[in-house]
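Given the coordinates of chain A, work out where chain B with the ligand should sit on it, guided by the hints.
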Amino acid sequence: MGNQGLNGKPLVSIVSAGLSKFGKHEGLYARELFSYAAKEAFDRCPKLEPKRDVKAMFIGHMGEAYEHQGHTGSAVADWAGLLGVAATRTEAACASSGAALRSGIFAVLSGLADVVIVGGVEKMTHRSTSEVTEYLAMASDYPFEQFHGITFPGLFALMATAHMNAYGTTQEQMAKVAVKNHHNASLNPKAHLQKEITVDKVMESKMVAWPFKMYDCSLITDGASCVVLAKPELAAKYTDQPVHIVGSGQASDTIGLYERKSLTSLQATKTAAKTAYDMAAVSPAQVQVAEVHDCFTYAELMAYEDLGFCPVGESGALIDSGETCLGGRLPVNTSGGLKAKGHPVGATGTAQVYEIYLQLTGQAEKRQVKDAKLGLTHNVGGSGATATVHLYRSDA
Amino acid sequence: MSTQVPFTIEQFYKFLAEGKLMAAKCQKCGKIHLPPRPMCDNCYGQDFVWMEVSGKGKLLTYTTIHVAPQQFQSLVPYTVGIVELENGLKLPGMISGIPPEAVKIGMALKVEFKACDVGQTWPQWQRYCFKLT
Ligand SMILES: [Zn+2]
Numbered sequence: 001m002g003n004q005g006l007n008g009k010p011l012v013s014i015v016s017a018g019l020s021k022f023g024k025h026e027g028l029y030a031r032e033l034f035s036y037a038a039k040e041a042f043d044r045c046p047k048l049e050p051k052r053d054v055k056a057m058f059i060g061h062m063g064e065a066y067e068h069q070g071h072t073g074s075a076v077a078d079w080a081g082l083l084g085v086a087a088t089r090t091e092a093a094c095a096s097s098g099a100a101l102r103s104g105i106f107a108v109l110s111g112l113a114d115v116v117i118v119g120g121v122e123k124m125t126h127r128s129t130s131e132v133t134e135y136l137a138m139a140s141d142y143p144f145e146q147f148h149g150i151t152f153p154g155l156f157a158l159m160a161t162a163h164m165n166a167y168g169t170t171q172e173q174m175a176k177v178a179v180k181n182h183h184n185a186s187l188n189p190k191a192h193l194q195k196e197i198t199v200d201k202v203m204e205s206k207m208v209a210w211p212f213k214m215y216d217c218s219l220i221t222d223g224a225s226c227v228v229l230a231k232p233e234l235a236a237k238y239t240d241q242p243v244h245i246v247g248s249g250q251a252s253d254t255i256g257l258y259e260r261k262s263l264t265s266l267q268a269t270k271t272a273a274k275t276a277y278d279m280a281a282v283s284p285a286q287v288q289v290a291e292v293h294d295c296f297t298y299a300e301l302m303a304y305e306d307l308g309f310c311p312v313g314e315s316g317a318l319i320d321s322g323e324t325c326l327g328g329r330l331p332v333n334t335s336g337g338l339k340a341k342g343h344p345v346g347a348t349g350t351a352q353v354y355e356i357y358l359q360l361t362g363q364a365e366k367r368q369v370k371d372a373k374l375g376l377t378h379n380v381g382g383s384g385a386t387a388t389v390h391l392y393r394s395d396a
Numbered sequence: 001m002s003t004q005v006p007f008t009i010e011q012f013y014k015f016l017a018e019g020k021l022m023a024a025k026c027q028k029c030g031k032i033h034l035p036p037r038p039m040c041d042n043c044y045g046q047d048f049v050w051m052e053v054s055g056k057g058k059l060l061t062y063t064t065i066h067v068a069p070q071q072f073q074s075l076v077p078y079t080v081g082i083v084e085l086e087n088g089l090k091l092p093g094m095i096s097g098i099p100p101e102a103v104k105i106g107m108a109l110k111v112e113f114k115a116c117d118v119g120q121t122w123p124q125w126q127r128y129c130f131k132l133t
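So the protein lines, in turn, are chains A and B.
Mapping the first sequence onto this note's numbering, position 261 (from 1) lands on 261, and the numbers just tick up by one.
Mapping the second sequence onto this note's numbering, position 10 (from 1) lands on 10, and the numbers just tick up by one.
Bound-form chain B, shown alone:
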């Protein structure tokens, strides 16, 4: 992976659009960042390398949202959660394709790209969501 590619949130979403879940590993101290950052908060290093991480993980917690901002009202009720991926990395997102009452802490989920789309003017990022493995 080229080191010319910036280690930014924007770039994280560009990779997502390519179907890749990417984290940034600090070359100086080894900390893995997801989302990536321009500077390591642990050692202040700026020398990173991209690494693809597995989109598989387990559900740490969840909620089902009934009162939503305008943009998401057509999806209500929808379930969101925080998933722990490999390396202890965590990612929040919508959980789709599972009835709210069947969602359980600890269940195995995987990231699915190009899903859970809602209209948005800015930023026009590729969305992801979590589905059953």
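Excised from the complex, chain A in its bound form:
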């Protein structure tokens, strides 16, 4: 039964979006980086007067450690030309801006704000790999995971090993996720890595946490993303091509992976997806384009199952089928995903929204999925202690 009986009624409408180039941005602080994403969103929507219209900002930002800088909400608002606006940082590890999006929806639906900006930012590449490994691990359980040397790739590797054991999923099938997403990123001028790779290249790359090699892991990247949300009744005032958010789900799970019932799926994803699908009154089979949380290759396979794109245990067969490639039945991670577009953790959730916004407004150029009207984003925090799932529809 439809959650809150919304049956696909728009919760909020996206009237604009912006994205910084993802990659290495030497000498730029997070707040500076965010201004590039905001600028694109403002330029794309000339009818928006930011200082007059924007009533609140929710900014996903995961780590103070990178720049020794917390309190990011206000700093980012100032540098985006919005000094004075109600600005709040949201933190939910790698789902920080997925959670920012939820907060923005809460703000608009409540009636407290007609127009809000949600977004995210992370500046990571100026730190060493071991420092970043440590900062990312902070999103896992300290006393039982970090304390025993379990890293972030390690947590997803524990899930991948369990899936391989239960369903016969292979390292080659995981590698195919990387190959697909690198191909898509090669068509995305804003992606961090715009080059094709092969299964062999993945298999031969340096081991990170067995069975994950370097090319099974997402990139350490700098980047920022920005999305402008408006009350649906006001969307036409700002744009001829609004994208409506018609389903929104978020759920939590134990912070420690070891306490979960399943090691091969994320209950938080399944719960968030059910909420979003019910709210939008759509089924997984109706989704035409999706951006899912592929922080590691296995994570994308797990998402196929948790989001209902295929039956449990058959995600390896789904990647083999090519149906999730561009031109397939359900293209996934057309942007290149976290894997190749890059994973500036706090920026990731709303960067996924940016890609779906482009797809549903026909602006995805070489990556365009023909006639896409219904899209999905899926953002995971930590090893799955947070997940958000959103559904999008365009009227055009």
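No lab work stands behind these hints, which were simulated from the structure alone.
Take the hints with a grain of salt, since some may be wrong.
As the list claims (entries may be wrong) - Only some residues are given here: those of chain B computed to face chain A with a beta carbon under 10 Å: (1) Gly30; (2) Ile32; (3) Val53; (4) Lys56; (5) Thr64; (6) Ala68; (7) Gln70; (8) Gln71; (9) Phe72; (10) Pro77; (11) Thr79; (12) Pro92; (13) Val118; (14) Gln120; (15) Cys129; (16) Leu132.
Claimed, not checked - FRET-style restraints, in silico, Cβ to Cβ: (17) B:Gly30 / A:Pro143: 23 to 29 Å; (18) B:Gln124 / A:Ser128: 23 to 29 Å; (19) B:Met39 / A:His68: 32 to 38 Å; (20) B:Gly119 / A:Lys39: 43 to 49 Å.
Note that CB positions come from ideal geometry on N, CA and C, so glycine has one too.
Here is chain B with the ligand on its own, set in the frame of chain A:
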């Protein structure tokens, strides 16, 4: 066991230093907690009793870590896993004394105290790891 002893993660590690693997059983609903908690997430009760659990179990999953945080770099590559103990309780940790390629899901392991030590300023807890039974 005295009920004055707090039902906390800190106390779990204090027991470990004494060579005991302890879980907390909720007196109201019977749920066994490992790690222990000050409040039962099932029934919100706060009346617990300590119970010693067997350190023997079977391996549910594992990975071998090659890229590690600074503190663990001297141990690379090292294998970590999640072990299912009796009562369905689960505990993650390092697996030591077994070559990575010999580690198999389902293998019988047991907790060993005072092992897998690395330098650490906080918290100064007793570590454990898993070895072959
Ligand atoms: Zn209880």
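Verification of the hints:
1. This hint is violated: glycine 30 of chain B has a C-beta 18 Å from the nearest C-beta of chain A, more than the 10 Å allowed.
2. For isoleucine 32 of chain B, the interface hint is violated, since its Cβ never comes within 10 Å of a Cβ in chain A; the closest pair sits about 12 Å apart.
3. Because the smallest distance between the Cβ of valine 53 of chain B and any Cβ of chain A comes to about 15 Å, over 10 Å, the interface hint for this residue is violated.
4. Because the smallest distance between the Cβ of lysine 56 of chain B and any Cβ of chain A comes to about 17 Å, over 10 Å, the interface hint for this residue is violated.
5. Below 10 Å, beta-carbon pairs count as interface contacts, and threonine 64 of chain B has one with chain A at about 4 Å; its hint therefore holds.
6. Interface restraint check for alanine 68 of chain B: the shortest CB-CB distance to chain A comes to about 6 Å, inside 10 Å, so the restraint holds.
7. Evaluation of the glutamine 70 of chain B hint against chain A yields a held restraint, the C-beta minimum of about 5 Å falling below 10 Å.
8. Checking glutamine 71 of chain B against chain A by beta carbon gives a least distance of about 8 Å; that is within 10 Å, so the hint holds.
9. Restraint check, phenylalanine 72 of chain B versus chain A: the minimum CB separation of about 4 Å is within 10 Å; hint holds.
10. Because the closest C-beta pair between proline 77 of chain B and chain A is about 8 Å apart, less than 10 Å, the hint holds.
11. Satisfaction of the interface hint for threonine 79 of chain B is found here, the shortest Cβ-Cβ separation to chain A being roughly 8 Å, below the 10 Å cut-off.
12. Taking 10 Å as the C-beta contact cut-off toward chain A, the hint placing proline 92 of chain B at the interface holds, the least distance being around 4 Å.
13. For valine 118 of chain B, the interface hint holds, the least distance from its beta-carbon to any beta-carbon of chain A being 8 Å, beneath 10 Å.
14. Annotation: interface hint on glutamine 120 of chain B holds; nearest CB of chain A at approximately 8 Å, less than 10 Å.
15. The closest approach between the C-beta of cysteine 129 of chain B and any C-beta of chain A is roughly 8 Å, which is under the 10 Å cut-off, so the hint is satisfied.
16. Using the Cβ-Cβ criterion of 10 Å, the hint placing leucine 132 of chain B at the interface with chain A is not satisfied: the shortest such distance is roughly 18 Å.
17. For the pair glycine 30 of chain B and proline 143 of chain A, the supplied restraint of 23 to 29 Å holds, since their beta-carbon distance comes to about 25 Å.
18. For the pair glutamine 124 of chain B and serine 128 of chain A, the supplied restraint of 23 to 29 Å holds, since their beta-carbon distance comes to about 26 Å.
19. At about 35 Å, the CB distance of methionine 39 of chain B to histidine 68 of chain A agrees with the hint of 32 to 38 Å.
20. For the hinted restraint 43 to 49 Å between glycine 119 of chain B and lysine 39 of chain A, the CB-CB distance of approximately 47 Å keeps it satisfied.
Going down the numbered hints, you'll see the structure goes against 1, 2, 3, 4, 16, while the others check out.
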